Each structure stands twice: as C-alpha cells, then as structure tokens.
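Note that the protein sequences, when read in sequence, are chains Y and A.
Counted the way the UniProt record's numbering counts, the first sequence spans residues 1 to 337.
Counted the way the UniProt record's numbering counts, the second sequence spans residues 1 to 232.
Do not rely on the hints blindly, as some may be mistaken.
[Stated by the list, open to error] Between beta-carbon pairs, the in silico distance windows are:
{"no.": "1", "chain 1": "Y", "residue 1": "L230", "chain 2": "A", "residue 2": "F54", "range": "55 to 61 Å"}
{"no.": "2", "chain 1": "A", "residue 1": "R59", "chain 2": "Y", "residue 2": "P224", "range": "54 to 60 Å"}
{"no.": "3", "chain 1": "Y", "residue 1": "K29", "chain 2": "A", "residue 2": "E125", "range": "38 to 44 Å"}
Please keep in mind that the hints were generated in silico from the structure rather than gathered at the bench.
These figures come from a predicted structure and were not determined experimentally.
Beta carbons are placed, not taken as given, at the ideal position from N, Cα and C, and that holds for glycine.
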Amino acid sequence: MLYELRDIKRFYNDRCALSVDRLAIEGGKIYGLVGPNGSGKTTLLRILAFLDEPSEGQIIYKGSSVTSQKASLFRQEVTMLLQNARLLTRKVKDNVAYGLKLRRYDSKTVKTRVVEALEMVGLQPRDFLNRAWHELSGGEAQRVALAARLALRPNVLLLDEPTANVDKVSEALINQAVIKAKREWKTTIIMVSHDLGWLYSTADEILSLWGGRIVRQGPENIIPGPWEKLENGLYCKRLRDGQKIYLSGTPSQSGVVSISPSEILLAEYPERTSARNLLYGFIREMAYCNGSQIRVTLSIGEINLVALITDEAARELKLSPGMNIYVVFKATAAKWL
Amino acid sequence: MEYILSGIAEAFVLLLKGDEEVYSAVSATLRASTAAIIISLVIGLPLGFLLGYFDFPGRRFFRSVFDALLALPTVLVGLWVYAFISNRGPLGGMNLLFTLKGVIVGEVVLALPIVIALSAQSIEELDLSVRDTLLTLGSSGKRLLFDILWEARYGMLMAAITAYGRVISEVGAATMLGGNIKWRTRTITTAMAFETNKGQFAMGIALGMILLLIAFIVNSTLSYAKRRRQTR
Numbered sequence: 001m002l003y004e005l006r007d008i009k010r011f012y013n014d015r016c017a018l019s020v021d022r023l024a025i026e027g028g029k030i031y032g033l034v035g036p037n038g039s040g041k042t043t044l045l046r047i048l049a050f051l052d053e054p055s056e057g058q059i060i061y062k063g064s065s066v067t068s069q070k071a072s073l074f075r076q077e078v079t080m081l082l083q084n085a086r087l088l089t090r091k092v093k094d095n096v097a098y099g100l101k102l103r104r105y106d107s108k109t110v111k112t113r114v115v116e117a118l119e120m121v122g123l124q125p126r127d128f129l130n131r132a133w134h135e136l137s138g139g140e141a142q143r144v145a146l147a148a149r150l151a152l153r154p155n156v157l158l159l160d161e162p163t164a165n166v167d168k169v170s171e172a173l174i175n176q177a178v179i180k181a182k183r184e185w186k187t188t189i190i191m192v193s194h195d196l197g198w199l200y201s202t203a204d205e206i207l208s209l210w211g212g213r214i215v216r217q218g219p220e221n222i223i224p225g226p227w228e229k230l231e232n233g234l235y236c237k238r239l240r241d242g243q244k245i246y247l248s249g250t251p252s253q254s255g256v257v258s259i260s261p262s263e264i265l266l267a268e269y270p271e272r273t274s275a276r277n278l279l280y281g282f283i284r285e286m287a288y289c290n291g292s293q294i295r296v297t298l299s300i301g302e303i304n305l306v307a308l309i310t311d312e313a314a315r316e317l318k319l320s321p322g323m324n325i326y327v328v329f330k331a332t333a334a335k336w337l
Numbered sequence: 001m002e003y004i005l006s007g008i009a010e011a012f013v014l015l016l017k018g019d020e021e022v023y024s025a026v027s028a029t030l031r032a033s034t035a036a037i038i039i040s041l042v043i044g045l046p047l048g049f050l051l052g053y054f055d056f057p058g059r060r061f062f063r064s065v066f067d068a069l070l071a072l073p074t075v076l077v078g079l080w081v082y083a084f085i086s087n088r089g090p091l092g093g094m095n096l097l098f099t100l101k102g103v104i105v106g107e108v109v110l111a112l113p114i115v116i117a118l119s120a121q122s123i124e125e126l127d128l129s130v131r132d133t134l135l136t137l138g139s140s141g142k143r144l145l146f147d148i149l150w151e152a153r154y155g156m157l158m159a160a161i162t163a164y165g166r167v168i169s170e171v172g173a174a175t176m177l178g179g180n181i182k183w184r185t186r187t188i189t190t191a192m193a194f195e196t197n198k199g200q201f202a203m204g205i206a207l208g209m210i211l212l213l214i215a216f217i218v219n220s221t222l223s224y225a226k227r228r229r230q231t232r
C-alpha cells in the first residue's frame, strides 16, 4: 500500500475542511477526486503532497509514518501540480531542470530529462528551451509546469485541476502526458479535474468527497437538500424547472442524498413505470468506464446525475450526447449521507 | 534669458574639459551614495525578508512604522543624525560630523526604511504559491529561503533603486552632516544649491545635467524591474 490515512482531520480556523477515517491508496493507479467546491479535494491533495500537515491523525507513506522531517524527504518523490501553477522567473529549461538539479543529477541526465519532459507535453525543445517565463501563453506555461514535475519521474503525481484554464490543445496534451507517466514509470496519479468525462474514463478509482468526507469510492450521484416532507412519508425536492424528485427514508442532518449510478435507468419514451421518479433531461457526456460499461452524465434541471449502463443498452437506445432522455429511479434508491 | 544660455554653454565646457571641482562633487556623491546603499541593502534586505515572510506578533506595527518612515523629511534626518554625531552627541567621539562618513550615516537612515518596506512588500506579494511551487519541486531548508529571495529579486531590485534615487537627490541631510566642504564633502546637490546662491550658474547647470543623467539611468532600471515583476 502506498498511502494509508487514519483518522485524518484538517481544520482551518475551527472549520473542519477534511475528515477522513480510513483511506488506502495503491501504487501505480490513477485516482480521480470528485466533489463540489469546498468539499476538501485540494486539502486532501495538499496533505498527500506533504505540503500541509493534518491537524489530527496519521499518514503512512510506503510503510512509514509521516513526520515533518520525513515530509521533505518524501517530497523528493511525490510532486504536485498546483491549481494556477506558477513558473519560476527563469527560462523554460531552468524551470524544468530546477527539481533535477536539486536532486543532484549530472548535467547530461538533466539535459536528457528536460528534453524528454518537454516533448512529453508537446513543446518542441528547440523552440521552448530558451524562452523566458513571460514569453509563454497560459496553456504553454501550464505544460512547462507539468514538464517540470514529469522530468522528476515522480513516484506520485498529484494534479489539482491541471486543465482548468488552458486551451483545448494543451488540455489534450496534458491528459496524454499524464497517462504516459503512469504507463512508463508506474507513477501513481491522484487528480482533481472539472472534466468528469475524462476523469471517469481514465481513473482506476474515483473518490467522491462531500463536506470534507470521502462519501464513497466509486461513481456517485449527490443531491443536496432542502427536502420537503410529504404526507405519504416521502421526501420531495423541487428542481428549478418544476420537476420533482421523490425519495424515501429519513434525511440526515446534512440533507444530502446519494443515488448509485446503477440504480438509474434510461428510457426513450415516458413509459408507465412502478418507479416513483420519472424525470426528463438530456445527455451531457458519455464515456467508457471499466471495459463494457458506459457512464452517461445526465442534466436534469440544475442537477447532474450519472447512470452506468452496458454498451449494448447504449447501442439499442442509440444514445448520444445532447439527446433528450427520460430518467427513471425508485424512491428507495436514496442513500442518505 | 541670455545668462541662462551662456550658463548652459559654459556648463558643457566644464563637463568636457573635465573640471576638477565638478568631478570632485560627482565622485563624492557616488562614493557616499554607493556606500550608503550597500550598507542599507546588507541590513535592510534580511530585515525586509523577515518582515515580509514570517508572521509574528507586532509585525503589522513594524510594517506601518517602516511605511511611515518612507516619507521622512531629509532635513529631519539631518537634524537627528547631527544630534547624535556632533561633539556633544553620544557618538561625538567618532568625529563623523562634516565628513563623508557622516553623510553616509544620514543617507543610510534615509535609505534603510525604503529598502525594508519595499522588500517586505515584494516578499508579501510573492504569496504562498511560490513557496508551494518550490516545495512541490523538492526544495527545502536554506535552499528554499534562498530561492524565495531569488524569485523576489526584481522587487528587491526595485527597493534598492528607489532607495538609491532618494539618496542621490537629497540635499538636506548632506548639507547638515557634510557641511558642503569643497573637495571633501561637497556633493552634487549641495554644490548645486551653494554655487547657484553664489551666482555660479554654469557649475550648477553642469552638475544638474549629471544628476539628470543619473536619475534617468536609475529610473530606466526601475521601470525594467517593475515590468519584470509584473509579467510571469
């Protein structure tokens, strides 16, 4: 096991930003972190990158407990690309070589690694090696920042929204480079991305965060409250477009519910159904996930739901992004968090 | 009008033929201001770094004190330092009054708050992302501090040049502490003030042109540092 987190809590001025009872992360895999803003994704990444210490709890990395002395040692093989990553005020080659020189690689290795890393992120070394930091576009700067991490051939690469503010070309190149790092050096990748389609299709595991907690390892549909109690004992949420969601059970204090993607069915026509919920929406994204399954992201009113269906079913229904579709699930599918 | 034109013409003659009096004042100015700025940087940059980087009780207070000292009137500095280094003052035994060293002391007092306040500000403006960036690339310890300083170098350069600009152009402290002694403590600005009073217009204009040239160099360097600091 690469990382083990036990009873980790991180507070910012009394506010608990992260609370993880148990988390195990295996080496050589790609992990995706999902969750709304403020759910603790960045806090978790920073702790895993040994940038921040948890306020409570224990982290074990490669079998040894992490102390502040060991943290700087572990940072030699664990690196993170921060959100809005910045470059050092130096030339591109000096940016990429910085970490290598710290690790005292000989100049020949430094040179080879710098060229290799720049090529990995699609920047022609000939054109970019001698550019100054201020002579790059936003997307190029982000790729140089990633190259500086890839050059280290890190054991763990943590990525916080690596493609949030970059052009389409840079986005594709960054995504390719990340997959290549995993394949070639067995780098463990843990990342946050707004591009859920890509995340779900690449990640071996998805961790869903909500209010600082890991609510589940696996795809997750999270619907926040408020819920209105009906006379028949069900709880109802009115979406902005007037559609209603009915769920059974007892809401927790947070009023947050999750519905397993496998509980959600798709229908071309509004058929009569015994399920309590029949909603109308459209397909936002489709992506392959775990071989023969397809992960369909649906927009219904202001919420997004994810359904997992077989590729055979997708073909029969002739599903495609942008298509309008009916979404069916039972009131008992609710898991109150 | 005519005497202004003939003053300018004479000034060129003084500059071109290498008038000793003119160049003695220039040399005194450069020696005093360079020494003052080096001392101020050696003391001020580390203090500015401490003030901008670490959070400690009283930090805000010190920051506002140094910010206020940015606008210190030069004659007031002259007065204070005079009080300390005159024969009756606590440092009277060092015989600094009316020497170039005395001028340097005054200029350090003027430059130091500028160096401290501006370098603290440039470290603050770097924000935590620079530190995080260096940490994620594996830096730590002394190396980390050094590299943070290096990332703030254009801000530091700005602090140094702003301080230099102030020191080289001030006249109050240099007059009071140096005494405008010919060949010894006469600087460009004190010479200009006194030569003009004596009706020696050409000398004043010649020195003025040199001061203008220095100010121009200082300001172009300053705007270069500003531009570099803003782009990333």
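Here is what the structure says about each hint:
no.	hint	verdict
1	Y:L230 - A:F54: 55 to 61 Å	holds (58 Å)
2	A:R59 - Y:P224: 54 to 60 Å	violated (41 Å)
3	Y:K29 - A:E125: 38 to 44 Å	holds (39 Å)
Figure legend: structure checked against the earlier numbered hints; the only hint not met is number 2.
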